[in-house]
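Asker: Chains as they are written, first to last, in numbering that gives the first Met the number 0: chain A, 0 to 349; chain B, 0 to 342.
Keep in mind that the hints were calculated from the coordinates and are not lab data. Owing to the predicted nature of the structure, the values given are computational and were not obtained by experimental measurement. Don't take every hint at face value.
Computed spacing ranges between beta-carbons, pair by pair [claimed, not checked]: (1) B/I230 <-> A/V30: 33 to 39 Å; (2) A/A310 <-> B/G265: 19 to 25 Å; (3) A/I254 <-> B/V124: 26 to 32 Å; (4) A/S101 <-> B/N176: 29 to 35 Å; (5) A/A196 <-> B/A45: 48 to 54 Å.
Virtual Cβ for every residue (Gly too), placed ideally from N, Cα, C.
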Amino acid sequence: MKEVENTVTARRTGSRFPLDGWERSLLALLVVEIAGFCIGIPGFYDGIGSLLGLTQNFLPFGIVALGLSVVILTGGIDLSVGSMAGLGAIVMAEFWQGLHLSIWLSALLGVGTGAVLGWINGMIITRLNTEPLIATLATSFIYGSVGTALAGENPPAGFPDSFNALGQGEVGGLIPYQLILFVVLAIFFSLLMSRSAYGRKVVMIGYNGEAARYSGMRVPRVICSAYVISGTMAALAGIVLASYYSAVRPDMGDILLLTTITMVVLGGVSIFGGEGRIAGVVMAVLLLGVLRQGMLIAGFSDMVTTMVTGAILLTAIAIRNLVSGRGTGFALLFLRLRRLGGGKVPEAAE
Amino acid sequence: MKASMTETSGFKTVAPSVKDSRATRRARRETREITLIVAAVVVLLAVGAINHRFVSFENIRFMVLNSVVLSLVALGQTWVIATKGIDLSVAPIMGLTAVVTGLLAQGSGLPLIGAFGIALVIGLVLGTINGLLVARLTIPPIIVTLGTYSIYSGLIFIYSNGTQVDQVPAAYAAFGNGRIAPWLPIPIPVLTLAIVLFLCWFALGYTLFGRAVLAIGNNAVAAYNAGVSVISTQVRVYMISGVLAALAGLVFVCYTGSATVTTGTGDHVELQSIAVALIGGTAIAGGRGNMIGTVLGGLFLSVILTALVFLHVPPIWYSAGEGAMILVTVTLGMRQSRAGKAS
Numbered sequence: 000m001k002e003v004e005n006t007v008t009a010r011r012t013g014s015r016f017p018l019d020g021w022e023r024s025l026l027a028l029l030v031v032e033i034a035g036f037c038i039g040i041p042g043f044y045d046g047i048g049s050l051l052g053l054t055q056n057f058l059p060f061g062i063v064a065l066g067l068s069v070v071i072l073t074g075g076i077d078l079s080v081g082s083m084a085g086l087g088a089i090v091m092a093e094f095w096q097g098l099h100l101s102i103w104l105s106a107l108l109g110v111g112t113g114a115v116l117g118w119i120n121g122m123i124i125t126r127l128n129t130e131p132l133i134a135t136l137a138t139s140f141i142y143g144s145v146g147t148a149l150a151g152e153n154p155p156a157g158f159p160d161s162f163n164a165l166g167q168g169e170v171g172g173l174i175p176y177q178l179i180l181f182v183v184l185a186i187f188f189s190l191l192m193s194r195s196a197y198g199r200k201v202v203m204i205g206y207n208g209e210a211a212r213y214s215g216m217r218v219p220r221v222i223c224s225a226y227v228i229s230g231t232m233a234a235l236a237g238i239v240l241a242s243y244y245s246a247v248r249p250d251m252g253d254i255l256l257l258t259t260i261t262m263v264v265l266g267g268v269s270i271f272g273g274e275g276r277i278a279g280v281v282m283a284v285l286l287l288g289v290l291r292q293g294m295l296i297a298g299f300s301d302m303v304t305t306m307v308t309g310a311i312l313l314t315a316i317a318i319r320n321l322v323s324g325r326g327t328g329f330a331l332l333f334l335r336l337r338r339l340g341g342g343k344v345p346e347a348a349e
Numbered sequence: 000m001k002a003s004m005t006e007t008s009g010f011k012t013v014a015p016s017v018k019d020s021r022a023t024r025r026a027r028r029e030t031r032e033i034t035l036i037v038a039a040v041v042v043l044l045a046v047g048a049i050n051h052r053f054v055s056f057e058n059i060r061f062m063v064l065n066s067v068v069l070s071l072v073a074l075g076q077t078w079v080i081a082t083k084g085i086d087l088s089v090a091p092i093m094g095l096t097a098v099v100t101g102l103l104a105q106g107s108g109l110p111l112i113g114a115f116g117i118a119l120v121i122g123l124v125l126g127t128i129n130g131l132l133v134a135r136l137t138i139p140p141i142i143v144t145l146g147t148y149s150i151y152s153g154l155i156f157i158y159s160n161g162t163q164v165d166q167v168p169a170a171y172a173a174f175g176n177g178r179i180a181p182w183l184p185i186p187i188p189v190l191t192l193a194i195v196l197f198l199c200w201f202a203l204g205y206t207l208f209g210r211a212v213l214a215i216g217n218n219a220v221a222a223y224n225a226g227v228s229v230i231s232t233q234v235r236v237y238m239i240s241g242v243l244a245a246l247a248g249l250v251f252v253c254y255t256g257s258a259t260v261t262t263g264t265g266d267h268v269e270l271q272s273i274a275v276a277l278i279g280g281t282a283i284a285g286g287r288g289n290m291i292g293t294v295l296g297g298l299f300l301s302v303i304l305t306a307l308v309f310l311h312v313p314p315i316w317y318s319a320g321e322g323a324m325i326l327v328t329v330t331l332g333m334r335q336s337r338a339g340k341a342s
């Protein structure tokens, strides 16, 4: 029987190369994909600058995915990331326009709002003992309404150029600010989840919440903090989106949810928690993002791209399940049955 | 022969525990249904006191009729959630059926019976794909239906190709809005819902299949050991969900006379149907399904949303009301079940 895959054992037995099998295959796919697009799609490769510039179209998704993967690692889910992104951006815009605060201070307040919204999610989940799916489903409706109400009929638009540079600008005309932000966040999250006590606690809770509780962890507090992180990242992504469009809309976060869950899961994070690494999520973000941009440049419609994304998600997870042998409870069941079947042979021999 | 023997004997061994929990479960179920009915009546009376038109026959008929589409989807969702699964792809299945049947009726005058056939085929095929992916490939349901959500909504886009349904033939409109008989003012969609509800209620509570669904939701491994055919039951559950979503799409296009690319997915029917099932007392952790509660939940939601219109609440707050309702009913349900456990 194959050993149940676990990040801890993987690090002990694995090579020095900081990626495990799944992430290496994602990386290989990414390289093949970029190379294939550069050769196959005319207009895709137009200098390094434009290639890097493409990332501006999808990195907000990546920022949300980083925060969401912390929540999914605890075994929860956050359906409210979309509405938190919208609400965070709107709060920022209203502070800027209504109270004439500086745009950067407003942005900080917007991110803070995201943290508070995430904290509310966490409190509902831990204090009221609600399933994360239900709690965040409910709060996504509520946050969405609040956002729409705050935005009013004419949401603010036309932010200062210095702020718009965050979403649209590049350092030296080459490296987009968004990319720098994403890389910094990705490194931070990667270290947080793999090298800090906090990250190990999150993974432990996702792997076995009861065991974590018996070992003396303050499980509710860690779970709550995961939702705070997710809310903060969602609001940050909303603000980056606002700067990219130089406008805010209450429903602009709606597209984030399904795509980011796809990214996190494709990145190798188990939807049941306790398994997966940030490096994989980063690979999946780049893989899906580049795929989308490539297909759009090649002239496919948005919906076809979405369909392909869905098909890739299903194929990837099916392959992963078949390879690792650890899927849902049923896969374990079949493993057990196979073992039973295998166990009969020596019995008969005896 | 041998297989059926093991099945029955396996079933017997789990029977006592099922019976035990059934006693407590039944009590809880009734409280949820009574709570929903009482709450709906309170809202009716309170808002009716402010605006008498709220309790007029026409308005009550409208509220019931308005809940049919969502309740149909939610009934299918209840089946899936009872097995500890979740079906996000109901929204595009509903939308695809609405667009395909509507466009065929509009363009080539497809008869209503043909529309039923097409809806059945769409629901069965797409639901079976979901079910096979969940049961055969053992991919978690939320991921499967997330993936098929994207794929099915792409199909709507490809099929409709920029066109949309603006009007439907008279037969369709009669099915969507007409009454059963001139002297009996019950709308046909409501009758449809009642028939589907009866079938679902009976199948879940009083057939082997229904017990198998609940057993899988409680503990899939135990159900397997007890002789329940886990794979085929799961596939069937997703087929039911698909067919009911498709039926809801057909009712939708008949009722409103219109369908666009965003029908279903635009209104987040998948999230709403989960909400309705949860309000109705179905446990997201599986093993408990309440068909009557689901329909009452849909009805209650419709009453609340209509009440908000009558109270001149701006439409932007409707979804917040919905969210608050989910939180309140679900956390209250938790309290109840915990109190039941303690006693």
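Asker: Any hints from earlier that this structure breaks? Give me their numbers in increasing order, please.
Answerer: Violated hint (a single one): 4; every other hint is consistent with the structure.
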